[in-house]
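Take the sequences, apply the hints, and build the full model.
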Amino acid sequence: TSSPQSVALPGRTIEVQMHTGHVIQLKFCSTCKIFRPPRVSHCSLCDACIANFDHHCPWVGNCVGLRNYRYFYSFLMSLSFLCIYILAFNIINIVLRAQDKPSFADAIRDTPATIVEALICFFSIWSVLGLWGYHTYLICRSVTTNEDIKDTWNSSRRGVHMKNPFSRGNPCLNCFAALCGPLPPSFLNLRAIVTPDNNNINMSPTRMMNTINIDETRQYQRDDNNYQRHSSPVPPHSDRQQNRYPSYDYV
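Mapping of the sequence shown onto the working numbering: position 15 corresponds to residue 15, and the numbering continues sequentially without gaps.
By construction, these hints were calculated from the structure, which means they are not laboratory data.
Glycine included, every Cβ here is placed at the ideal spot set by N, Cα and C.
Heads up, none of these hints are tricks.
Computed beta-carbon distance windows for the label pairs:
| id | residue 1 | residue 2 | range |
| --- | --- | --- | --- |
| 1 | Ala113 | Asn164 | 45 to 51 Å |
| 2 | Leu45 | Cys180 | 25 to 31 Å |
| 3 | Tyr137 | Tyr71 | 15 to 21 Å |
| 4 | Thr136 | Arg12 | 32 to 38 Å |
| 5 | Cys180 | Val95 | 35 to 41 Å |
| 6 | Ser103 | Leu45 | 49 to 55 Å |
| 7 | Arg12 | Asn164 | 21 to 27 Å |
| 8 | Thr195 | Leu119 | 51 to 57 Å |
| 9 | Trp59 | His19 | 32 to 38 Å |
| 10 | Asn189 | Thr111 | 51 to 57 Å |
In structure tokens form, the structure reads like this:
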């Protein structure tokens, strides 16, 4: 008898063309039963697909993505200024007290709480400022933390010319789009009436929904067999035609 052989399943991917002309690959999410749009990734902790997924922050207990990234960046900026503010005034307080004491050590013994605050801010400011600077660097490049860790747009690693289709080519424009650009409406109706669960079954809304309303005029039906229509191998780039791929405006 021959040993059983593993059979590779067909790839659950499709290719779409963005309005910039770039052709990108969309992966099928087996949990949410949808083809993930560009820059969407599934978070196992939140059990949902997150638009413009950056990372899951354990400090705020939530995913950082499309609709809350600018608030997360503002949080880092304000926290950095707060650490600098506290550290500066703690140093000023110690220096002023030292002028009225016979020695600097007496001023330190007179204000132990100030010393503790100064030490906490001194060691915290490096990580907070570093994280703020890192996200400023990502915003200027129009790259998410997830893409930077995976090295998605590194041309030298992949051996082909991989240009970031989401970058506007100017750091100022990228910062303006990320921090001051318009936000799309939420997929969740926060004012909807929540019906009680009589069967005491706790299911994720992502798994209970059969459709996702993208806007008021279009509705994408989600079907378990939807991926089978797109599971055939993708032809090489030389055989692509402009009209073979649906246009995807997601910048």
